[in-house]
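Asks: The chain contents come next:
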Amino acid sequence: MRPRPRPVDLPGVRKQLVAWIARQASEDALRWLQDRCAEIAGGAPVAKCFLAFSGAPRRIPKDTLALDETDLARASALRPGWNPANWSVDEAARALLVLSRPADDENAWIRMAEQLFSTADARESAALYRMLPLYPFPERFRARAAEGIRSNMASVFQAVAHRNPYPSEHFDEGAWNQMILKALFTGSVLHKIIGLDARSNPTLARMLVDYARERWAAGRAVSPELWRPVGPFAAERHLPDLRRVLRAGDEAEQEAATLALAQANAPAAGELLGAFPRLKQRIDAGELTWESFSRNRIEGMA
Amino acid sequence: MISRTTDDYEVMRAGGVAAVIEPAFWLGQPRTTVGAFKDYFSMIVGWERFRAAQFGVRHYCAIGLNAKEANNEPLADEVMELLPLYAAKEGVVAIGEIGYDDMTPAEDKYYRLQLELAKELDMLVLIHTPHRNKKEGTSRSMDACDDMGLAPDRVIVDHNNEETVREVLDRGYWAAFTIYPFTKMGNERMVEIVREYGPERIFIDSAADWGVSDPLAVPKTARLMAERGIPEDAIRAVTYDNALAAYGQSGQFSEKDWLEPAPIDQRDLYGGNSVLRGGQAPVVQEKGLIIE
Ligand SMILES: [Zn+2]
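Protein chains in written order, with my numbering: chain A, 13 to 314; chain B, 4 to 295.
Just chain B, with the same shape it has in the complex (with noise of 0.2 Å):
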């Protein structure tokens, strides 16, 4: 979310958003630097967090070395020594997202460095599966998973698509989709997926990024399902239920997060005063012409 605007968490929490999960990811151009990871990765589990926050979204992240930056071998290691200084932070649900891009040396060992790291911290694993070369891809970062023991469902896959969800689902992992639009996955065919393979272990999510992308298109694809005959249950299953269920197994994740959530919380989350900019109200309010 580190890309969005203000306006984005408006239009997220009039959509019914109660809450992201950001995964770590590449920045669109290569860090240099273990400092620019460090201050990204604080980024997402502190200001980001508060960010959004102010516009009544829990924030929660997952903590990882993705894929393309894995390449970079003298910086990947130096990556690696700062992950458990950020994986057993508060709201951090995963790590992730990892796994193949181009599906080098380089990748692999990072992935299964960051698999053993998962393992060690009792921690969900987030699987970025690559965009090109997908089936084989997708099949190796499981393959990779149960090299180490890693209980599948213990581990989510995502990007998958028509070509690779019936081996998530039968090798027992959850199978995430992320909708993008014009390219990698539209909703229509979300709906028919959903039709085809019902709505167990299977969950949707919104590609919010640097690039084309929609952040309403978790509550857009629910509609869809609607109108399209989606029974309820599964609609609610795959936009909701899943994700809760599988992210859930952190012990960081909870609907009693934004249901009930502590006074301690409200406080820092909610309170009046938390955004410090100067006399500036932090609650979503009808856009007019003045500006105060």
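Just chain A, with the same shape it has in the complex (with noise of 0.2 Å):
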């Protein structure tokens, strides 16, 4: 199911990227970012935004933005599904400045937007990425978030697939499956993709299993997170591949599958668990979760 998409508080946003800011960044390079804001909520010529927004990091540190809990509750509040954990002190500026002009005139706001864009060196663009879901028409960005997909930069790519919300409330089903298949391609880990299980689809599920066949047959491996979008679609004709993976798969490989298994509708699904007791006895128990098993197996392993 796709999620309605969030309103957002510009003006509480702004606040808050500026308490944030403050905390990390010089008091010199914090009056400069103010005053630049200030011109361009005040109709300065694009121009100003531009080199304001490409001059950032001259002055911001790109030190990770130190949020704690209570902060990213506040982002929350502020923006549901807001996630600004894996910022960057420059990036939180660059949202500033661009969040500062005026959104009165929606076609400039999108030329200018469009404008930094297409000419937003690897840095600029995963910063852009990051705060589509602060824009203020996001349906407008649609066709620029599947662009980012199809970049080649990790952190590109990342900067819209990972903590990001807007893929599960703005993509298609093809868009997002095309993400999900295009994360676990080029090695980017599926679990820090925000709505995972409830975009799953059985499209997806059966584009999964086929990934999986095609990268058997070449003698490689898939990372077990595959398994996590397959399985509450897993039908009859997929146990095989379960099976193989509980038998002749690694423990991770083997926990994956059975969680897998768990959620699958297919009757002969239970039947399959039942031949592994020892697993599905941890399900059960509540001790083996994706969550767990992105903590432990995934992240452990990063």
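Since the hints were derived computationally from the structure, they do not count as laboratory data. Honestly, I wouldn't trust all of these hints.
[What the hints assert, rightly or not] Only pairs whose alpha carbons sit at most 20 Å apart, straight line, appear in this in silico SDA-like list of lysine to any residue:
{"id": "1", "chain 1": "B", "residue 1": "122", "chain 2": "A", "residue 2": "70"}
{"id": "2", "chain 1": "A", "residue 1": "60", "chain 2": "A", "residue 2": "114"}
{"id": "3", "chain 1": "B", "residue 1": "259", "chain 2": "A", "residue 2": "70"}
If you're wondering where the values come from, they're calculated on a predicted model, not measured in any experiment.
Hints in hand, dock the two standalone chains.
Replies: Next up, the structure:
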């Protein structure tokens, strides 16, 4: 199910960004930034906005934004689903600059954003994609976000795919499925994708199992995370694939296959699961979940 | 570097090249639309930088409208509007390469407009000196900088030879030498220039474009200088320190970038999964017969 796009409290977001940046930027840099934002908010020529956007890292540090649980809760209150946990300080500054542009003329605003996207370097692209959930006209960025998914740079792809509520709210099924497949294909983890479980669908499950078979034929492994979106839609004809993983896979793969089977509706799934009582018991006891799996098997290995 | 292969990057890294500066220049045939310039600038601040990083080479660039293409005035006007979008980006160390080719009025106009832009943005300038009528072109290039009130130590004059170096140094500019195989500047001549003028404010660079050129020209010349008795500190100055001092004035080019890369950059640039082409390890490997 595609969740409804959520409203953004833009003035609140701007205020919050300033407060976070102020903790880590020098006083001079913060003053520079606030002066630029005031100019932009006052309708300065768009070229001023471009120069400030490009030049932000010349003054604002590139360190990761230091946010605690309270900060993240605030972010989520200002824009449901917004998770700036992996933003850098200069990305926050860039967001602040872009979001300072008055949004009274929709087409002018889109033109500015498109110009920024189409001339962006890699770090600028990542910043622009990370702020997708904050844009005032979010539905106008669908094609652009799909373009980010086509990037061959991991940092850009992950800016769209990871910890970003935009794709789950705006991508149609085709774009969503491409994003999941590309994540697997390129070694990006799945569990950081917001809406991973909610947006799973039978077509995706089929694509993923086909992909696993293709990899096996080439003598290559697949990430055990592949089985997470497959689980609820695993059909009778996918059970031999899961049986193969349970018999021949390593411990992580076996856990993933068991988790998938536990969610499957196919009648024979329960039977297959019953043949692996030790793993099934851990699921029944709540010890083995997709969350614990991501923590121990995916992040633990990174 | 956009016309070089990944093999070039591999041998460069193995040859000790830690960083490259790619100046925006002429592509061998004229561009006909402003979009072609936009894509080109985007490529050298974006994808090419990323590509270089996969081989452990840090990539920087200079942004500018080259002399040859300044002669298409309607297009040149559009490119001038594009430049501020790129000039302040990370890793852009100068406005360049700009200067004269045939020394036409149009070339002069856009060269001076770009010197003005550099001054306004407080940026360094990288000058391409013409291959024909070089001595006069070099003098005129510096005259224009003097007219605009640019500080000579914030301007790098490139493609020098025996005929131009004296005046460039005397006027306080940086004198860069581009090593080209066969034609404009061979490295044996370069050794003699360093012997004669010493290492101060001189440095060498490689032609590494679509023509006959050798991306290893700098390490090879360094070795040749050592074989021919140039002292080690002078070699280091003309192949490393001076370029660092000249372009380092931009604030966008620092030894720390490659000696102590910030973790956040390392994640982007050297991470095992940073080139997304399906499970291909982006590290330099011995090339065997088997293609996996
Ligand atoms: Zn040149």
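Asks: So which of the earlier hints does this model not fit?
Replies: none
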